[in-house]
Every structure is written in C-alpha cells, then in structure tokens.
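S.K.: Chains as they are written, first to last, in this note's numbering: chain C, 1 to 409; chain P, 1001 to 1506.
No lab work stands behind these hints, which were simulated from the structure alone. Among the hints, erroneous ones may be present.
To be verified - One-sided and incomplete, this derived list gives chain C residues near chain P with beta-carbon spacing under 10 Å: (1) 179; (2) 182; (3) 184; (4) 217; (5) 219; (6) 224; (7) 277; (8) 285; (9) 289; (10) 290; (11) 292; (12) 296; (13) 299.
For glycine and all other residues, C-beta sits at the position ideal for the given N, C-alpha and C.
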Amino acid sequence: MSVAENTSQSAGATARIGSYLKAHLREYGLLFALIAIMAFFQIVTGGTLLRPINLTNLLLQNSYIVIMALGMLVVIVAGHIDLSVGSVMGFVGALAAVMIVNYEMSIIVTMLTCVVVGAIIGGAQGYWIAYWKIPSFIVTLAGMLVFRGLSLWLLEGQSVGPFPREFQVIATGFVPDILPGGEAFKGLFAVRNFNVLAFATGIVAAGWVVWSGLRQRAQNKAYGIEDEPRAFFVARIAIIALALIFILYKLATFRGLPNVLLTMGVLTIIYAFITERTVLGRRIYALGGNEKAAKLSGIKTERLTFLAFVNMGMLAAIAGLVFAARLNTATPKAGFALELDVIAAVFIGGASMSGGVGKIVGAVVGAFLMGVLNNGMSLMGIGIDYQQMIKGLVLLAAVIFDVYNKKKG
Amino acid sequence: MQDTLLEMRSITKTFPGVKALDDVSLKVRTGEIHAICGENGAGKSTLMKVLSGVYPAGSYDGEIHYDGALAQFRDISDSEARGIIIIHQELALVPLLSIAENLFLGNENAKGGVIDWRETNQRTETLLRKVGLRDAPTTLVEKLGVGKQQLVEIAKALAKDVRLLILDEPTSALSESDSQALLDLMLELKAQGMTQIIISHKLNEVRRIADTVTVIRDGHSVSSFAASEGITEDRIVRDMVGRSMENRYPPRTPRIGERIMRVSDWSVAHPEHADRQVIRNVGFDVRAGEVVGIAGLMGAGRTELAMSIFGQSWGQNITGTVEMHGKPVDVSDVGRAIKAGLAYVTEDRKSLGLILDDTITRNITLANLPEVARASVLNDHAETEVAEKYRKDLGIRTPGVFQKVVNLSGGNQQKVVLSKWLFVGPEVLILDEPTRGIDVGAKYEIYGLINDLAAAGKGVVMISSEMPELLGMCDRVYVMNEGAFVGEMPASEASQERIMSLIVNE
Chain C
1 MSVAENTSQS AGATARIGSY LKAHLREYGL LFALIAIMAF FQIVTGGTLL RPINLTNLLL
61 QNSYIVIMAL GMLVVIVAGH IDLSVGSVMG FVGALAAVMI VNYEMSIIVT MLTCVVVGAI
121 IGGAQGYWIA YWKIPSFIVT LAGMLVFRGL SLWLLEGQSV GPFPREFQVI ATGFVPDILP
181 GGEAFKGLFA VRNFNVLAFA TGIVAAGWVV WSGLRQRAQN KAYGIEDEPR AFFVARIAII
241 ALALIFILYK LATFRGLPNV LLTMGVLTII YAFITERTVL GRRIYALGGN EKAAKLSGIK
301 TERLTFLAFV NMGMLAAIAG LVFAARLNTA TPKAGFALEL DVIAAVFIGG ASMSGGVGKI
361 VGAVVGAFLM GVLNNGMSLM GIGIDYQQMI KGLVLLAAVI FDVYNKKKG
Chain P
1001 MQDTLLEMRS ITKTFPGVKA LDDVSLKVRT GEIHAICGEN GAGKSTLMKV LSGVYPAGSY
1061 DGEIHYDGAL AQFRDISDSE ARGIIIIHQE LALVPLLSIA ENLFLGNENA KGGVIDWRET
1121 NQRTETLLRK VGLRDAPTTL VEKLGVGKQQ LVEIAKALAK DVRLLILDEP TSALSESDSQ
1181 ALLDLMLELK AQGMTQIIIS HKLNEVRRIA DTVTVIRDGH SVSSFAASEG ITEDRIVRDM
1241 VGRSMENRYP PRTPRIGERI MRVSDWSVAH PEHADRQVIR NVGFDVRAGE VVGIAGLMGA
1301 GRTELAMSIF GQSWGQNITG TVEMHGKPVD VSDVGRAIKA GLAYVTEDRK SLGLILDDTI
1361 TRNITLANLP EVARASVLND HAETEVAEKY RKDLGIRTPG VFQKVVNLSG GNQQKVVLSK
1421 WLFVGPEVLI LDEPTRGIDV GAKYEIYGLI NDLAAAGKGV VMISSEMPEL LGMCDRVYVM
1481 NEGAFVGEMP ASEASQERIM SLIVNE
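The shape of chain C in the complex, shown without the other chains:
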C-alpha cells in the first residue's frame, strides 16, 4: 500500500519535472548550449579559451554586438527589424574619427554629438516605419546603403586614425583597482596580478543573482505560481553565480574590469529592467504581441515604434564609438555585415520574428554564444569558410527549435 503510494508520488513528481522542463526547455537550452560550447572549446583548445587574456578579448570583441543586440531586441519585440545598424555603427565611427582626428575636437563633445546623431538617424528611419507604415525591412535596407555610402564619403575612402589615448580607453581601457588588498590576494591565489575590484564585482554580482532569485521564488510561492522544481532552481542559480565569480576571478588575474564590460553590464541591467519591469517595456511587448489590440487599449503604438528606432540608433552610435576606439581607426568597411550578427544573436536568444517575445538576457547570451563560437573556432584554426557555415546552421537550429517547441506546446 505505502509502497504503491510512494511509487505513484515519485511518478507524479517525475511527470511534473518533465512537464516543467518541456515548458522551459528554451531557457535552459540556451544556458546549457553556452556552457556546452564553452566546455567543448575549452577542451579542444587545450584550455586557451578560458585563459584570462582570451576571456578579456572575448568580452572586448563582442561588446559592440551585445550593445546593439539590446536595441535590436527591443526593435524585434516591437515587431520590426533593423538592417541598418552595421552601417550606422560604421558611419558614427567615421564621424567620430573625422571630428577628433581631422578637426581635433574635444572627446566629450564628439561622443555626445555622435550619440545624438545616432538618435536622429534612428528617428529618421523610425519616422517612416511608425507613421507611414513603410515596412522596416525596406526602410532600414535603404538606410544600410545610405549610411554605408555616407561613411565612404565622410572618410573620402581612406582610413582615419589613430585616436588619442583618451579616446581609446573607452574600448581598451580597464577600471583602475580602487580596492586595497591586492598584494594579499596575489599571495593567496599564487598569481602575478590581482585586481580586487574585479573580483569584488564578481562576488557582489553573484550575491545579487542569488538574492534576487530567492526573492522572486518567494514571491512566486506567495502567489502559488512557482513551478520550478527546487533542484532546478538551486542548480540554475548556482551555475550562474559560480560562472560570474569564475569569469571575474579570471579577469582579476589579468588586468581587471574592462571599461567596456562595465558599459555593457550597466546597459544590460538598465534595458532588462526597462523591458521587464516598467510600463514602457510592457507596452512594447503588447505592441509586438498584437498591435491592433494594443492600439485599442490606448497605447500610442506609432510613438512607441518610433522610439524603438531612436533607441536603436543611439545604441548603434555607442557601439560605433566603442568599435572605432577598439580598432583605433575608422575605416569605410567598419561594421560591414555586422547587422546580421546582431540579428542572429537576438533570434538565438529566443526572440520571435513575429514580435512580442524575447528577453534582454536571452539576446546577450545569444550574442556571447555566437562570440564563443567565433573565438573558439578561430583558436582552433578553423577557416572562415567553415566558421560562416557553422554559424548559419546554429542560427537555423535555434529557430527551428523554437518553432518546433511552440508547435508541440
């Protein structure tokens, strides 16, 4: 009797875990895919992937993709697409180069101007899309050509550089270690360098992940909507927290926190907060989910669409500054075909082509997944031909997985 009861109970629990996994396969899948790919490359590259210097490089290389993916996620959630971001990024980099190198204008003024120009470019495209209902694919395809041409014109076909040191640091600089105790840690971990600030940031971030996870779980339990099995919760939170500590520990043993990581991290937190926690964010999801219903609910759908593109332009400008600073030169080719990497990152991160679905964190993980693939394959010495093919297939697989999941669910 009691044996039978026990069996049926555990069978029920298994079924519950099974159905939960099925419902959340996508989120776990993305995380595990990233871990699996990193583990794979870590092994086949003989540990090169996770070396502090390579990890730092990985972050720097993908920073501009991540920054633009934030804006692209918003655009795609709103039900649109932006093909012009690569060109806009290149154009803004060219503008910065001409202002700083050719006209010797101040860096602050240049950066502010560039961000404003980015916003205006986004607005100019968003205007046609939002108020004239011209498909975003067409408008931004036109933008892609126009701004590619403008970069060429602005740079007169030449590369312009180099930038002064003060400008380069936005992409290649590191946050100085303001915390004491570096020497003690060096001894403790037996390493040559140790940046306490970076390590502390990792600890704080991990602590925040644990705290907010627990808080969310407690809240959900209070509403009776918590369905994530405890083991899953613990495993998920532990993996994320340990990964944060691990990565920042590695960075600490190299040169510390890259400025770009800080920019990227702050922007990611801001955009995650806006999209998930605010009225504005909710309205963007509603707009993408059902534009007509949103409009009939009093949401100013046109203005929201317009703003999504203004925002995209702004982020493309920031990415352009970072990119130019990292390369230390502005070339007419900068940002070529980059829009495709950005869009791919957002879709790999789980956004839906039809709008209304997708998360900032997903887009960021998607961007890093592509980044690790690039980096890992380059380390292995795989040719660019194979790299392209593999990246294409990964994108296709991710989207097929989404569609298949949706059909079954």
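Start from chain C and add chain P according to the hints.
M.R.: Just chain P, lined up with the frame of chain C:
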C-alpha cells in the same frame, strides 16, 4: 430534364456545442429563382457550405440529391465540377489582374502551360456581353466599381458551365441602380433556363424576383412557399423572427438616472475611400443605469460607429460631437476617449481585444498600466491582486491568472476583455456583439454582468445582431441601417417585426 434540380433532405450539421443546422430541408426546382431568408446566424451560410462541399460529405447528417442522383461532394472543386457555383458576399477577385485573367483564374485557356491570350480575350468578351458589361477584357478589376465586379463574378461563374448559381447577399454593397441591373440580369439568366439561389435580407428584392422562398430560423427550415401563394414581406419577417421568447435574460429593474453621454451629428467616411460616407449624421444618448441597444444587420455601420467614437479608431473625416455630462469631450485618440470615460469592448476579441499569447493578468491591466505601477515601475503584487479581483468578480474559470488567454474558452476570454475595460473605470461601456461565439451558459453570465454594470450606474451601449438579445436586455433600442439611424423606441414598444420592417423598408 429533372423537375427538381436540387433537394437537400434533413440536413443536420453539428459543431462542438452548437447545432448549426437541425433537420433542414430545401427543394429547388429546375429553372427557378429560389430565395433563402433568415436572420444573421440562422444557418443560411452553413447550409450553403454543406451544399458546396466546404463541409464534405460525411461531416453532416442528411442527404443531398442533385440532378437526380445522390451527391456526396468532397470539396468545393468537386461541387463546381458539377456546376454548383457560389458567389460570396466578399468578392473573390484579384484586384490587380485584368477581367480576362480573373475570369479564367485556375481555369486558364492554356496549351502546355502557355496561355492563349487571343482565345482568352475572345471568350471574355462573349461572357461580358452576356452579363451586360462593355468594359475591355484587359481592364484591371480594381478599376471597376463594386457593381461591375459583381457582374464579373457572375461572368466567371458562366465561364465554368454553371448549372446552379448561388448568390450570397449579392446586392448588400451595391447602389440602387446597380442592384436593379443585377436583379434584371438574374431574371434574364432565369429566362435562359438557369437555376439560381439567392440569399438576401432585402425582402423587396426577394419579392420581386423569387419564385419560391424558404425561411430558415435558428437552424431549422421554418417554411417554404411559392410565389403563387403570395410572397409578402410581412409573412417572411414573421417567419424569420417568430421564435418564442423564453426566460433567457436575467431580470433587472432599471433605475435610470441623468444623461451621461450624448453623440450628435456623427459622420464618418471610409478610411480608404474618402468619398464613401459610411456613417451619416448619427445622434444618440445614454443615461446612467441604462442599457441602450443598437440594432441592425451586419454591415449597417454599427461597429464603425462605435470604433469611430472610441478614439477615431476607424474611418476618416470624422465630424460631430461627443458630450459627457453636457460638456464636449475630446475623443481624438484612444487614450483621450478612455480619459473621457469611455470603454469599447470589441466584437473581434481575438484580433482586436486580446494579446492571446499573454497571461490573463497582463491582458487585464494593459489599458490601465499606470494604476498598477509606481513611478512607471510595475508592481507585480498589485497587478496580480487586480487580476484576482476580476477573476472572482466575473467568474473567469481558469486554473490561475497566470494562464495564457489563448487557452481559455470563448466565454472566459470575453470576461477577460470585459475585465480589462472595467479596470479603466469607464462611465459608458460600448459592448460590440458581447455574446458572439460563446455558449448559452456563458451568455447568461455576460447578461448578468451587463445588468450589474447598469445597476452600478454605468451607461451601457449594446450592439448586437441578435434581436431577441437586444429586446431582452435593453431599455431603449436604436435601429441602424446603411450608416444612419432609422428609428428609436423604448424596449416596451419594440418588437422584432417592428425593427425588421424599419430595416427592410429603409
């Protein structure tokens, strides 16, 4: 040749939960014009879908005898091959193709995949002459008016060797003279021996051309009579609406207060065709605690009226005033209309009312997000409480408010839409077909909710194509036809016959 071309015997068609057709019979003699009359939702279209094979043999009970033999159509092409062709209310022409291309679409005059344009154009000219059109075969269909397009549809049917031509509300979109031309053509085709079925609300037209009339009501064939017995509009109307009024509506003692809302001289043009006036000088008012009905047939302009008032969500060149408590208010966008105290519950909840992939909670709070936010930051707790409150108040049956609305039944979805609009705290609610597509039990609950709203002192405007519903629920009824109000009466003086005759007599 058979005397009877078509006989449908005891057709019964059941959808999950609804019996759309119950033991319906129809007998069409060779060479006659047979009219089918009935209210919206009576089952006319379903019957024609059974006939044409949209619902294939086996998915219904009963038998179809066509041309002297038992017919079991598998799909539309099957019935078309036997000469049964339906021309639907919404024309199925491709606007950017020429008349000739449309006539032979799917039926091209081709040899080995190459179209013979000379033959196509010649045959087109012959066919056009038959229906009295003088336009060139190469004219693009979009250049033609609706009346001529209707004739092209008939020519298209003729191109396919039609033996039984079925016209579903052919004149509903036509002007008076175009209608006359169409009816003349029907009589001419009849003289040539063609059998035709016409579905129409316009009883004067039915009287003019029909040899036999069959009336369908609530999925039953009520009566069938020949012209020789005398077709009168009175008799058709009586048969169309003559159902017994059961106690299907919860009782309410109206406590009607002062006037809340008044709309005057409201005129609206079609959003794409500025010269087409869709709403003409409409005026009405709503009092506190009152349920006001707007009766009319589909296409009368009721939804267009409601949506144009609610934030100019439909149409262009909108003129007229909306007053709340005697003061004119700005309703130029949805946000302002909500602020003025209005709410509009759409007739099309799936595409206009809900975000199907979102949760119940998110749908309910959508129109009033600032109420559950502090400094623009959403408060999950407050949001959930709001959703829980409406779940209890309106009896939304769901495992939890975090369910996606796509998983709910029609009735529960409608309650979510109602909750959304109650949460904005309106003074006047415009409910557009609030019980469309929901089962009888849920209908009764919705009626109860409407009564509660009125009891709470709100004004309710109810648009419905089901006249018994309006008579059962409303205190006062306006009758709308072709974009204008053609009558107003207190519910005590209203009857379905009176409303119907106001509509059909224009």
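S.K.: Take the hints in turn and mark each one as holding or not.
M.R.: Status of each hint after checking the structure:
1. 179: 31 Å, violated
2. 182: Since the shortest Cβ distance to chain P is 38 Å, the answer is violated.
3. 184: Since the shortest Cβ distance to chain P is 41 Å, the answer is violated.
4. 217: Since the shortest Cβ distance to chain P is 13 Å, the answer is violated.
5. 219: Given a least distance of 7 Å, the restraint on residue 219 of chain C holds.
6. 224: 7 Å, holds
7. 277: Hint on residue 277 of chain C: holds, closest Cβ of chain P at ~6 Å, below 10 Å.
8. 285: 8 Å, holds
9. 289: 4 Å, holds
10. 290: 5 Å, holds
11. 292: 5 Å, holds
12. 296: 6 Å, holds
13. 299: 8 Å, holds
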